[in-house]
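Undergrad: Let the hints inform the model, and build the full structure from the sequences given.
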Amino acid sequence: MNLPAIDIQGLEKTFDNGLRALDAVDLSIGRGEIFALLGPNGAGKTTLIKVICGLTEASAGDAWVAGHHFRREFRQARMRIGLVPQELTTDAFETVWATTRFSRGLFGRRRDPAHLEKVLKDLSLWDKRNSMLMTLSGGMKRRVMIAKALAHEPDILFLDEPTAGVDVELRRGMWQVINRLREQGVTIVLTTHYLEEAEQMADRVGVINNGQIMRVESTESLMQSLGQKRLTLELAAPLDAVPDTLEGYNLTLTDDGCALNYHYNHCEGAEAVQGLLRAVDSAGIRLHDVDTHESSLEEIFVSMVGGST
Amino acid sequence: MNWPAIRAIYVFEIARTWRTIFQSVLSPIISTALYFVVFGSAIGSRISEVDGVSYGAFIVPGLIMLSLMTQSISNASFAIYFPKFIGTIYELLSAPVSYVEIVISYVGAAATKSVVLGLIILATASVFVPLRIEHPAWMLLFLVLTGITFSLFGFIIGIWADNFEKLTIIPLLIVTPLTFLGGTFYSLKMLPPIWQKITLVNPVVYLVSGFRWSFYSVADVNVYISLAMITGFLVACLAIVAWIFKTGYRLKS
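Chains A and B, in that order, give the protein sequences. Residues 1 to 309 in the working numbering are what the first sequence spells out, letter by letter. Residues 1 to 253 in the working numbering are what the second sequence spells out, letter by letter.
Fair warning: there could be bad hints in the mix.
[What the hints assert, rightly or not] Here are the in silico distance ranges between beta carbons for each label pair: (1) A:Arg172 to B:Phe22: 40 to 48 Å; (2) A:Gln76 to B:Ile174: 40 to 48 Å; (3) A:Ala92 to B:Lys189: 49 to 57 Å; (4) B:Thr231 to A:His69: 33 to 41 Å.
Keep in mind the hints are simulated off the structure, nothing from the lab. Note that beta-carbon positions come from the ideal geometry of N, C-alpha and C, so glycine has one too.
TA: So this is what it looks like as structure tokens:
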């Protein structure tokens, strides 16, 4: 029987102060999938992970991890999960090796130095195994937290904002790590508020806002429907109207006639833009400047909420 | 039972002691040695025997109890408070570990440390004053029971505390005064009659009395009453810990 890695039904969380962080969440995540939970700050992404992992009590609803109920069979459920929280929290005086070995034991596994060695080597931490955590850089600490989460050989890895506060180079390094884990068959659930990150990594994306899952679909179809871009061509000399030769591009001229706006889809990408620029050039229009604008997550949410009311 | 987890936490906690050897082991030994030098030798030589025991030897059980109680509390409270403070508690709460296992490992480690410390202080004391232990089995029983009970008490304080002040306020304002007024340095018979009665509401009196009985067969209260008191306190602490885990008090939102 091919049970989903995560199956969530009617999960709710209302905090003591009345804040409704999760509102009847239903979600199913398949095995081996990379699933991105995409939403703005305070949307409920972290709360959802915390409830499944046992850090926060659910107010109502159920969840199953590889077929094990998250409360009634918490041992079996939690042994399957590795959690990398958002905040960098480490025991400053522990060594990388000791803290990773501790995590493995804590999750009920017998000592296995060979596995820990593999995990640390995969994360480029092997040379630092005898270093105290306080001496490591932020990027390394985050990798140590991933090593701790992988120490007990989980099937499912939760990564809460894995690239928050990480520079571009490290972010790409993190994506490589995630890709390698995917190849090993680990199911990965990551939260992010970067559209780009979800696009790069995920097979499917769940959009969450105000504690509600608003839509779940493949990354490709989500980007097609949501990832609108606008190219603004600022003109060297104002125009009275859009030239006939450019009519096929569905351009709009600003009121002052000084700029042309071109709306295109995220997935159409560079090809469409190049075609347009060639056409503009051959129409003899001289450009003063070029600007592109991508719809931000916030704008996407506004359009989604607007569309649903 | 998740034995690997119990072992992991226990080993982690004992290893922490080695890292902080000065704070955990040497400082209580030095302060106790100072008590012996001042009260046992310097002042003690001018005090007559108490219940047929030299004053220096008389205060040994009380001083061991004092260290045992304060060290159990500080070990256990710090062990659970610190992960809460720096955030690493997330790992413990998301692990496949039951509450019973958490208590066994943290309290077990704290009690182990304080019992070992008690035995080291006992060995140190034997250098300064002539000692005899007439009921060694009872002595060990009181040592272990008090170590476990006060480690549980410390565990509760560590969970309750949400800042460093709260972490130290109970040991400082309640436990230390109760210990000093609990017959560590004197026999209750030395007190005026009215104070002999009032002092019986102090639970530490029973612990020190029972522990001293295991050394010299002299006690302020019956040894079985002492045993009942420490057992009662142990049960009360277990009940509070059970309630904390049932409700997630100060651990889960």
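Undergrad: A separate judgement is required for each hint: does it hold in the structure or not?
TA: Results of checking the hints against the structure:
no. : hint                            : verdict
1   : A:Arg172 to B:Phe22: 40 to 48 Å : holds (45 Å)
2   : A:Gln76 to B:Ile174: 40 to 48 Å : holds (43 Å)
3   : A:Ala92 to B:Lys189: 49 to 57 Å : holds (52 Å)
4   : B:Thr231 to A:His69: 33 to 41 Å : holds (38 Å)
Of the numbered hints given earlier, the model fails none.
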